[in-house]
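Hey, can you piece these two chains together into the complex? The hints should help.
Just so you know, the sequences run in chain order E and Z.
Per my numbering, the very first residue in the first sequence carries number 1; after that it's consecutive.
Per my numbering, the very first residue in the second sequence carries number 1; after that it's consecutive.
There's no promise every hint is true.
Said to hold, decoys possible - In the DSS-like style, the derived pairs of lysine-lysine whose C-alpha atoms are separated by at most 30 Å in a straight line are:
no. : chain 1 : residue 1 : chain 2 : residue 2
1   : Z       : LYS87     : E       : LYS73
2   : Z       : LYS87     : Z       : LYS175
3   : Z       : LYS173    : E       : LYS35
4   : E       : LYS35     : Z       : LYS175
5   : Z       : LYS61     : Z       : LYS87
6   : E       : LYS68     : Z       : LYS61
7   : Z       : LYS61     : Z       : LYS32
Hints are computed from structural coordinates only; laboratory data are not their basis.
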Amino acid sequence: MTPVDDHDDDVALAGEYALHLLDAQARQAFEDRLKDDPALRRLVADWDQHFVSLADEIVPVAPPPALKARIHKTLFATPAKTTASVWRLLMGAGFAAALGLAVLVVLPPTELPDGFTPAFTAELAAEDQSLVVLASYAPDAGILRIDRQAGSARPGRVLELWLIADGSSVPVSLGVLPDQTATDIALPPALADSIAGGTLAISDEPPGGSTTGAPTGDVLAAGPVVSI
Amino acid sequence: MTTRQDVEKMIAQVGLGDRAAFSSLYDATSAKLFGVCLRILNDRAEAEDALQDAFVRIWQKAGSYAANGYSPMTWLITLTRNLAIDKLRTRKEGSVDIDEVHDLSDAGPTPEAAAVASSERSQIDGCLDELDADRADAVRGAYLEGHSYNELAARHDVPLNTMRTWLRRSLAKLKECLSR
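The following block holds chain Z by itself, in its conformation from the complex (with noise of 0.2 Å):
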């Protein structure tokens, strides 16, 4: 079992330049970061490349990580799943077609999927169940599926401003919440 301890260590070794770490933080890590990488791509190829464009930055980017106050996890899901969103977004450029946003629509997050959470629920989580429903699931559908506001807009069938003031409010009720 790796603990956080563990990938902080590794992180800070990676970080001066020790490859045989760099090779145990990706046994640790890789597996995870690759399902991080699959659900906002969906698709294998891509899925790939992201995870060799996350750890070549987090090679990069190791020893600077120290001073951002991260959660080891929290640094390595973050910058992987940014990662992937740039290359989803480089994509869905000039692509978006109404079936393409009703395929999309169709390959939406479940209640199934969504309800796997585990069974120790997490603050956002709890947060997340004082808002609306449908506006909750589209703050999830932008993190775990990484969804813009126009795929947003297009799947809860509304206007694009709407959309973006549903949002906005839901972020600051749940920082309302999430203060608490």
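Chain E extracted, bound-state conformation (with noise of 0.2 Å):
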């Protein structure tokens, strides 16, 4: 047996490390030295390579599909780069038609289906974060899943959500925000299969929404439908 001197001491101190074992203010007190110790960060390395082995046995298992939109949200909750050009798409000529399709179904709570797997997320949010809205849409249910995070309508006046499919200039709404934060809206299936690569927008509109069937107000926030 060799004697313990302090390397076999840091030996065992780094496999403790490793196996997550030192309370605390141990484990700061290690982790200063690491900093300016590369043989230290050597001997810890050399742990987790072998420890890991150990993790062969764990069985993968998919995690739910929202949670990978809700990671995304956390992490890419800045305004979209493309609302600038959007901004000036919906501000621009192309309001002229888009009358009709719109059909907006508010689904009660209690009809909410259960096990929402969206496909395709947007984050809309306006440029100084005062409106943020984040949109999930599952395709086999034919929801499209809205959560407001930040921000509601001015005063007397209203939330209009419209989509612009990919390709297309002309916005189409989707119908008027509710109160409540969250809501569950269906997408009529004509419309359903233009969310894929479109944008979705909300602009500010009379109360019971735009009457030429093309974005009237402000367009406070938007963002690109990107699949998950």
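Shown next as structure tokens:
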């Protein structure tokens, strides 16, 4: 047996650190040493590399699909770069037609389908974050789930949701958003096919929504629809 | 089939802020990492939170991955496991009583679970076999279940300091075996 010297002590200590057995104080002290001690870092890396083989027996389990959207939202909750161009698009010349297609059905909460599994998501955010809405779309259920995370309609006004299909310049109304922050919207099948690669936007409208079939007020937030 | 090189490349691209690569990395690795979170936390909601923390950390740290010398899955699993154990420790703070310790003991790893480890035995498994069975179990319990010294001592019915000594000696022996 070799006598226990500093190196042996560090070998065990690095192993304890890798196993996460050190208490908070000892762990912090060890991490402070790690910063300027490459040899100690190598000891930890060796342990990590060996111990990770023990995880071979851990069976992979698919996480729920909604978690990916949640992570994207956490990380990328900044205004999408396309906001400015969408704003120009909506405020530009393309407001003419787009009548008649819009059908909004707000489902009462008791009818929300279980196991909502979105395949697309969009983050609609104002440039100053004064309005942030997360939309997720489950094609199987034909449901667009709206989660208004920040902001609300201006006094005496409403928020109206629009879809601009990929390659189209014409916004199609998905209806006026209700007062509650979370809403499920049943999308007509004809629109469902247009949502992938499209853009969702929210405009400021008079009560009852735009009467022209196109946005009439400010475009408050917009974001591209991305697949999850 | 996603190879080690694929995962390495994805991490490198994520390090450059590539969201599509982040999405691919998630698709390729989230099931294994979620399995790790579930194993440690044994609770779906907490495991989901831990996995979210892990991928946020991966997004933030991917840029410095190349410098750390870890193989890609080792880096991902180690990072995820550490976050899951942090969550486990927070949950258990001040709440360890005898009943709970006994429950934990009942939920310990079974020999069958350890045996699933696959036909291709790793070096660490070979070296753990050279330890007394209960000491090897303690090391496995610490790694795979995230057990603390307190829990290990309770499970093996030895005083805390004895467990500490056991484990440190076991680690020294393991290192000697792994370096052969």
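Here's how the hints hold up against the structure:
A threshold of 30 Å between alpha carbons decides the hint, and for LYS87 of chain Z with LYS73 of chain E the separation of about 21 Å falls inside it, so the pair holds. Using a Cα cut-off of 30 Å, the hinted pair LYS87 of chain Z and LYS175 of chain Z holds, with the two alpha carbons roughly 28 Å apart. Straight-line distance between C-alpha atoms of LYS173 of chain Z and LYS35 of chain E comes to about 27 Å, which keeps the hinted pair within the 30 Å bound. At roughly 23 Å between alpha-carbon atoms, LYS35 of chain E and LYS175 of chain Z fall within 30 Å of each other, so this suggested pair holds.
In summary, the hint linking LYS61 of chain Z to LYS87 of chain Z is supported, as the alpha carbons are separated by about 19 Å, within the 30 Å threshold. Distance check on the hinted pair: LYS68 of chain E and LYS61 of chain Z sit about 18 Å apart at the alpha-carbon level, within 30 Å; holds. For the proposed pair LYS61 of chain Z and LYS32 of chain Z, the alpha carbon gap of about 19 Å is at most 30 Å, so the pair holds.
When the structure is compared with the earlier hints, no violation turns up for any of them.
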